[in-house]
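Novice: The lines below spell out each chain.
Protein chains: 2
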Amino acid sequence: MAEGLIANRLALIGIGLIGSSIARAARERGLVREIVVQTRSPATLERAKELGLGDHYTLDMAEAAKDADVVIASVPVGASEEVAKAIAPALKAGAIVSDVGSVKMSVVRQMAPHLPSSVHFVPAHPIAGTEHSGPDAGLADLYVNRWCILTPLPDTDPAAVEKLSALWRGMGANVETMTPEHHDLVLAITSHVPHLIAYNIVGTAQHLGEVTKSEVIQYSAGGFRDFTRIAASDPTMWRDIFLHNKDAVLEMLGRFSEDLTALQRMIRYGDGNGLFDLFTRTRAIRRSIIDKGQDAPEADFGRHKIAAKAET
Amino acid sequence: MAEGLIANRLALIGIGLIGSSIARAARERGLVREIVVQTRSPATLERAKELGLGDHYTLDMAEAAKDADVVIASVPVGASEEVAKAIAPALKAGAIVSDVGSVKMSVVRQMAPHLPSSVHFVPAHPIAGTEHSGPDAGLADLYVNRWCILTPLPDTDPAAVEKLSALWRGMGANVETMTPEHHDLVLAITSHVPHLIAYNIVGTAQHLGEVTKSEVIQYSAGGFRDFTRIAASDPTMWRDIFLHNKDAVLEMLGRFSEDLTALQRMIRYGDGNGLFDLFTRTRAIRRSIIDKGQDAPEADFGRHKIAAKAET
Ligand SMILES: NC(=O)c1ccc[n+]([C@@H]2O[C@H](COP(=O)([O-])OP(=O)(O)OC[C@H]3O[C@@H](n4cnc5c(N)ncnc54)[C@H](OP(=O)(O)O)[C@@H]3O)[C@@H](O)[C@H]2O)c1
Ligand SMILES: NC(=O)c1ccc[n+]([C@@H]2O[C@H](COP(=O)([O-])OP(=O)(O)OC[C@H]3O[C@@H](n4cnc5c(N)ncnc54)[C@H](OP(=O)(O)O)[C@@H]3O)[C@@H](O)[C@H]2O)c1
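Line by line, the protein sequences are chains A and B.
Mind the numbering: the first sequence is residues 1 to 312 in UniProt numbering, read in order.
Mind the numbering: the second sequence is residues 1 to 312 in UniProt numbering, read in order.
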């Protein structure tokens, strides 16, 4: 499958949901000749071996980066600087270094200063994932028809950007390029604040006196259960996202709260028309998301069918 | 299927998602001998006929209620009083009158004063639904393994409560009884506030200057798209819910906002441990919801599989 070949040696630093999905996709689609898998703990490394995710396995980041044409870090955003420091001395000239972190300005600040000028640094973020973590959670088709955002710095070699782009397209993704600043604002509203308010409402529901936790669980099909899926996402990953995209998150959260206060007033003063107008406007956006292939068109995400099947 | 028979004549006032799901389930499971379908508009009535949802069809509420053993109103909460007034003179002695409204104190206040003492009033609320509306959206198995809450008044005949309960169990639901007051608090946190914040974040995302609407749509897989499903629910139904469950919604919203402010401070002052602790606590509740059969266990609600299949 040499025609699909994009690089000889791919080093994956971190092999959780995102790293292992890259391993599976790159292997299945013949995008690289060999894959080196690195992870922090012996237990995860052992599991990666059992799953056959790579050709070489190591706990040592520098060892993994040696001789690699492309190195991709898939670790919590807060570990980015440590990765850059560890791999920097081992990188070969001309190598491409990338990541998958959900925040980009902070990753650039953490990694760029440590990388030698002989390598190409192209930060990236695939907009795809699930609420599960670890090497078992990965999926070969996780990136199919999802977007991957690249945030190269102004002086990055366009050929390196194109090569990384080809790798993501090879995994089924659509690729878009923007500045790290803009990325962080876009993701604050499309991902970070939604996760924050999901975590928050689940937290609120857990410490009510009048309504018990078992009632909340029992009647969750009224809407609440959707939020619990998001609020079941990995705590380390999300702690790092909020700490490292602080400014954009606080900015978007401020607007959310302002709008919520207006909505609260409409309820308090019985402004039915105001409520109706907002609820009508918000409907249209769902249609567009389905039309653009970014969500399943089925009622209730199609899970109703899955549940009904499981019961019969 | 006489052994499953619970009533002779069932009158359905309103034949949208909820009413038509009752029609389908009651028919399929042989719970009633005949179904009378009433709706407000000739167009919806025509569609109900085409779908074969009943045995008799009428635009007149009183006409529908005449000779019925059980009458169930499935209309927006704000239309409850109008229904009670219209059907009251036509009801036969001993009939059971019920509803499916998402708010219960207001429905009791609107309907109880108009109903004759010769009938049994048993308000109900099935905790099941989708973001779609109208008679085409109904599903025969919508209520299977979902909860239906009954909120009978203290002096209601227990036999009537049991009969309505049997009807819901016959449609596959589990039945629970509580006061209307408690119902409205439980639903405020498990359904109404989640819907409100979903509508709100979609509204916030729509009028940002720096981030365009097409960017919001494109990158919605980061979490935002889950909220758009909920925010695509029927505007009339939800306007009525917020206006009619005002006190409980404002109370729960106040707690949500208080908690959100605390979370905002954690982000501002870099309290990583505080964030990590909350995100760890919120994880557990998802597990319980899945264990209790109230959501699909698949990653991403299983929609990933549906989407991947559609693309190949
Ligand atoms: N999950 C999503 O939906 C999603 C989507 C897009 C982007 N991302 C981004 O992708 C990255 C990885 O997320 P994931 O979901 O793949 O996480 P994951 O499944 O939890 O896997 C994390 C990987 O990073 C390693 N790791 C954790 N902490 C580390 C540290 N301090 N130093 C070095 N290695 C460490 C883990 O090693 P051990 O297991 O050996 O400890 C594991 O290999 C994050 O930056 C996240 O923002 C996630
Ligand atoms: N959707 C859910 O997820 C869900 C879940 C549990 C409970 N509920 C409750 O169920 C009830 C019905 O919801 P639904 O989803 O079935 O709504 P729907 O699909 O929009 O159907 C509404 C029905 O009520 C009729 N109607 C609307 N406005 C009316 C008015 N002012 N006077 C008389 N009839 C009127 C409609 O008639 P025409 O079409 O002929 O105009 C239609 O037959 C609501 O009270 C809601 O709170 C909904």
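Treat the hints with care, since some could be wrong.
Unchecked claim - Derived DEER-like restraints, expressed as beta-carbon distance ranges: (1) B:MET178 / A:ASP60: 54 to 62 Å; (2) B:LEU208 / A:ARG287: 18 to 26 Å; (3) A:LEU208 / B:GLY293: 17 to 25 Å; (4) A:LYS49 / B:ALA284: 26 to 34 Å; (5) A:GLU162 / B:GLY209: 25 to 33 Å; (6) A:GLU34 / B:GLU251: 58 to 66 Å; (7) B:LYS213 / A:GLY209: 38 to 46 Å; (8) B:GLU81 / A:SER214: 32 to 40 Å; (9) A:ASP291 / B:LEU208: 37 to 45 Å.
As the list claims (entries may be wrong) - For lysine-lysine, the following DSS-like pairs were computed, each having C-alpha atoms within a straight-line distance of at most 25 Å: (10) B:LYS292 / A:LYS213; (11) A:LYS85 / A:LYS163; (12) B:LYS246 / B:LYS213; (13) A:LYS85 / A:LYS66; (14) A:LYS85 / A:LYS292; (15) B:LYS85 / B:LYS66; (16) A:LYS163 / A:LYS66; (17) B:LYS246 / A:LYS213; (18) A:LYS246 / B:LYS85; (19) B:LYS66 / B:LYS49; (20) B:LYS92 / B:LYS163; (21) B:LYS213 / A:LYS292.
Don't read these hints as lab results, they were simulated from the structure.
Ideal Cβ placement from N, Cα and C applies to all residues, glycine included.
Novice: Are the Cα positions of LYS66 of chain B and LYS49 of chain B separated by 25 Å at most?
Specialist: Holds. LYS66 of chain B to LYS49 of chain B sits at ~20 Å (cutoff 25 Å).
Novice: Below or equal to 25 Å on CA atoms is what counts here, so check LYS92 of chain B against LYS163 of chain B.
Specialist: 16 Å, holds
Novice: Are the Cα positions of LYS246 of chain B and LYS213 of chain A separated by 25 Å at most?
Specialist: Answer holds: LYS246 of chain B to LYS213 of chain A is near 23 Å, not above 25 Å.
Novice: Going straight from one Cα to the other, do LYS246 of chain B and LYS213 of chain B come out at no more than 25 Å?
Specialist: 31 Å, violated
Novice: Using the C-beta atoms of LEU208 of chain A and GLY293 of chain B, is the stated range 17 to 25 Å upheld?
Specialist: Because 23 Å falls inside the window, the suggested range holds.
Novice: For a C-alpha distance cap of 25 Å, please report whether LYS292 of chain B and LYS213 of chain A respect it.
Specialist: 13 Å, holds
Novice: Take a look at whether the Cβ-Cβ distance between GLU34 of chain A and GLU251 of chain B falls inside 58 to 66 Å.
Specialist: 60 Å, holds
Novice: Quick check on a hinted range of 37 to 45 Å for ASP291 of chain A and LEU208 of chain B, using CB atoms only.
Specialist: 21 Å, violated
Novice: Using the beta carbons of GLU162 of chain A and GLY209 of chain B, state whether their distance is inside 25 to 33 Å or not.
Specialist: The hint (25 to 33 Å, Cβ to Cβ) holds, given that GLU162 of chain A and GLY209 of chain B are roughly 32 Å apart.
Novice: When you check the alpha-carbon spacing of LYS213 of chain B and LYS292 of chain A, does it fall within 25 Å?
Specialist: With Cα atoms ~13 Å apart, LYS213 of chain B and LYS292 of chain A stay inside 25 Å; holds.
Novice: Quick one, are LYS246 of chain A and LYS85 of chain B close enough, alpha carbons at most 25 Å?
Specialist: The hint is violated at about 55 Å.
Novice: May I ask you to test the hint 54 to 62 Å on the CB atoms belonging to MET178 of chain B and ASP60 of chain A?
Specialist: 59 Å, holds
Of the numbered hints given earlier, the model fails hints 9, 12, 14, 18; all others are met.
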